[in-house]
Amino acid sequence: MDLSTLTIDAARSAIAERTTTATALAESLYARIEDRDPAIGAFLTLSKDRALAKAAHIDALAAKGEKLPPLGGVPVGIKDVMVTRGVRTTAGSKILKNFIPPYDSTAVARMEAAGAVVLGKMNCDEFAMGSSNENSAYKPVHNPRDLTRVPGGSSGGSAAAVASGMAVVTLGSDTGGSIRQPASFCGVVGLMPTYGRVSRYGLIAFASSLDHIGPLAKTVKDAATVLGTIAGRDPMDSTSADLPVPDYVAELEKPVRGLKLGVAKEYFGEGLDKGVHTAIESAIQKLATLGCEIVPVSLPHTEYAIPTYYLVATAEASSNLARYDGVRYGHRAQNVRSLADMYERTRDEGFGAEVKRRIMLGTYALSAGYYDAYYLKAQRVRTLLTRDFEKAFEKVDAIVTPTSPTAAFKLGEKADDPLAMYLADIYTVTADLVGIPGISIPCGESRERLPVGLQILGRHFDEATILRVAHAYEQAREN
Amino acid sequence: MKVTEKDVLYVADLANLELTADERARMVRDLNSILDYIDRLNQLDTSDVPPMAQTSDRFGVDQAKQGSERFAYASRDDILNGLRKSLPRDEALANAPESDGTFFKVPKVIER
Chain A
1 MDLSTLTIDA
11 ARSAIAERTT
21 TATALAESLY
31 ARIEDRDPAI
41 GAFLTLSKDR
51 ALAKAAHIDA
61 LAAKGEKLPP
71 LGGVPVGIKD
81 VMVTRGVRTT
91 AGSKILKNFI
101 PPYDSTAVAR
111 MEAAGAVVLG
121 KMNCDEFAMG
131 SSNENSAYKP
141 VHNPRDLTRV
151 PGGSSGGSAA
161 AVASGMAVVT
171 LGSDTGGSIR
181 QPASFCGVVG
191 LMPTYGRVSR
201 YGLIAFASSL
211 DHIGPLAKTV
221 KDAATVLGTI
231 AGRDPMDSTS
241 ADLPVPDYVA
251 ELEKPVRGLK
261 LGVAKEYFGE
271 GLDKGVHTAI
281 ESAIQKLATL
291 GCEIVPVSLP
301 HTEYAIPTYY
311 LVATAEASSN
321 LARYDGVRYG
331 HRAQNVRSLA
341 DMYERTRDEG
351 FGAEVKRRIM
361 LGTYALSAGY
371 YDAYYLKAQR
381 VRTLLTRDFE
391 KAFEKVDAIV
401 TPTSPTAAFK
411 LGEKADDPLA
421 MYLADIYTVT
431 ADLVGIPGIS
441 IPCGESRERL
451 PVGLQILGRH
461 FDEATILRVA
471 HAYEQAREN
Chain B
1 MKVTEKDVLY
11 VADLANLELT
21 ADERARMVRD
31 LNSILDYIDR
41 LNQLDTSDVP
51 PMAQTSDRFG
61 VDQAKQGSER
71 FAYASRDDIL
81 NGLRKSLPRD
91 EALANAPESD
101 GTFFKVPKVI
111 ER
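If you're matching them up, the sequences are chains A and B in order. Going by this note's numbering, the first sequence runs without a break in its numbering and finishes at 479. Going by this note's numbering, the second sequence runs without a break in its numbering and finishes at 112.
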């Protein structure tokens, strides 16, 4: 069994047909992790006991000849921002170094209820803040395609593990591009569902109006399978939408001929790498040959998305991260003079530089005298960005863009320049602000022979269409 | 320069951070560089544009319903224990840096 190309269906049928067992599969994944992960750094914590117990349960079902659930025996990884009962969850931060959650996030519970075997927790930027995974308080992740380069972020471990065959699929989270951009850098599929499509119960909050959970996978079909598993209303998350969940896998086979795909010139401007541009152009040509109609659209406020994002996201983060005070869980500073001293020193010691920077920016943007000029202004521009997309979606069924302006950059290249790092998210942040779904799929290589990602954006709650386009492109690319 | 060291000290205090002298100097530099970039938002006249705090009252809900009625599905009956039982005390305290087995312990709040 080739672990580097193993998909959900292949793993599940091999277990169902008894050519392997879920236990043997999990063991072989752990052996691969032991062999390869020292050079990559994708895992922060392994959950062997939990994985092997789940695998034994699946093997018992298979032995009785019972039908396996959709993810029966499939080895998966979970970004370390989703809490797992009894399994350390750090959010990539020192402040949660020894945190053992007393409950499971809904997304993880649904994955396991569908038979998934959780191998462990994936490395990420601290509190999902970053575009390169270099902000992890534990270790950087190296891109499996070129170990001198970043895997993207913040779900860098989730992307690298799928790309290197150390997990069949993983869950990531996306607040400004954190699923799609690392998927693009590592050459895998990454899907950010619509805001509200997947429950965030048990997701360690970064920016609550922007946080999404979604899958990283080797194929579009696997991403569709996982979405079908985790999507849908959850009484534990009042922001989860009360809408039916389509059969995403069945939707993949619908024809794409006649679909209108928008191309916005604002996504092909200054800063777009030439090799990336060429790869995207040829992907769009390929979609045209499949019978999609390519339609020019305009998203005129695109250049304002990054400043808007870095006000909204940091303002929300400054509020969400106020809970790390050293009282109920997490790190606490020692030998303190007072309660106030304990708060400050706990947070000074526990948070890394980027997290502090964002807390400071967000607190500043919300502070008296600056609220109107910054936070409120950003909320108004958020409306303009949303209107751009509403208007475009009157004309087209989906919009295709590059996922990132460049392929994976070198470790350290942007580490000292926060603004340069923020601009790595220029094509992804808008979808988070507007709440629409987006998928990144591999579409060829840059001039440095690194993976390039094609991003497909869809209407609210219309994941089915972007998955269908992505699937059609994926099939055509391989033929 | 928009942000001075004094501003950084004030905002750090609001955020319950202290920051070392080096961190403060770097924060002045970084915040100014980011805020300079953010300034481009002022190119836009947004006086007639309503602010948008989140997207879920606009998409995926019944637009015919007004206000909180759109989210009636998210409310539940007001019953004891709600959706799930409370955590047992020992589990709730298990991650506490310091507890006495009944409460979280913190340094003295009121100085005499």
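Please keep in mind that the hints were generated in silico from the structure rather than gathered at the bench. Take the hints with a grain of salt, since some may be wrong.
Examples of chain B residues toward chain A, derived with CB under 7 Å [said to hold, decoys possible]: (1) L9; (2) N16; (3) L17; (4) A21; (5) A25; (6) S56; (7) A72; (8) Y73; (9) D78; (10) I79; (11) L80; (12) F103; (13) I110.
Idealized CB from N, CA, C, for every residue including glycine.
Would you check whether L17(B) satisfies its interface hint, that is, whether its CB is within less than 7 Å of any CB in chain A? Hint holds; L17(B) Cβ to chain A Cβ min 5 Å, cut 7 Å.
Using the nearest Cβ pair, does S56(B) come within less than 7 Å of chain A? This hint holds: S56(B) lies near chain A, its Cβ roughly 5 Å from the closest one there, short of 7 Å.
So, as I understand it, the hint says A25(B) touches chain A; can you test that by seeing if any CB pair is closer than 7 Å? Violated: closest Cβ of chain A sits about 13 Å from A25(B), beyond 7 Å.
Using Cβ atoms only, decide whether L9(B) comes closer than 7 Å to chain A, and label the hint accordingly. 11 Å, violated
Does L80(B) meet its interface restraint, that is, does its C-beta lie within less than 7 Å of any C-beta in chain A? 16 Å, violated
So, A72(B) near chain A? Judge it on the closest CB pair being under 7 Å. 9 Å, violated
Close enough to count: is the Cβ of D78(B) nearer than 7 Å to one in chain A? Hint violated; D78(B) Cβ to chain A Cβ min 14 Å, cut 7 Å.
Restraint outcome when F103(B) is required to lie within 7 Å of chain A by C-beta distance: Violated. Min distance 11 Å.
Hint validation: Y73(B) versus chain A, beta carbon distance must be below 7 Å. Holds or violated? 4 Å, holds
Just to be careful: measuring from the Cβ of N16(B) to every Cβ in chain A, is the smallest value less than 7 Å? With a minimum Cβ separation of about 4 Å from chain A (threshold 7 Å), the hint on N16(B) holds.
Against chain A, is I79(B) within 7 Å by beta-carbon distance? 13 Å, violated
Chain A contact restraint on I110(B) - CB to CB distance below 7 Å: 9 Å, violated
Hint compliance for this structure: hints 1, 4, 5, 7, 9, 10, 11, 12, 13 are not met, and every other hint is.
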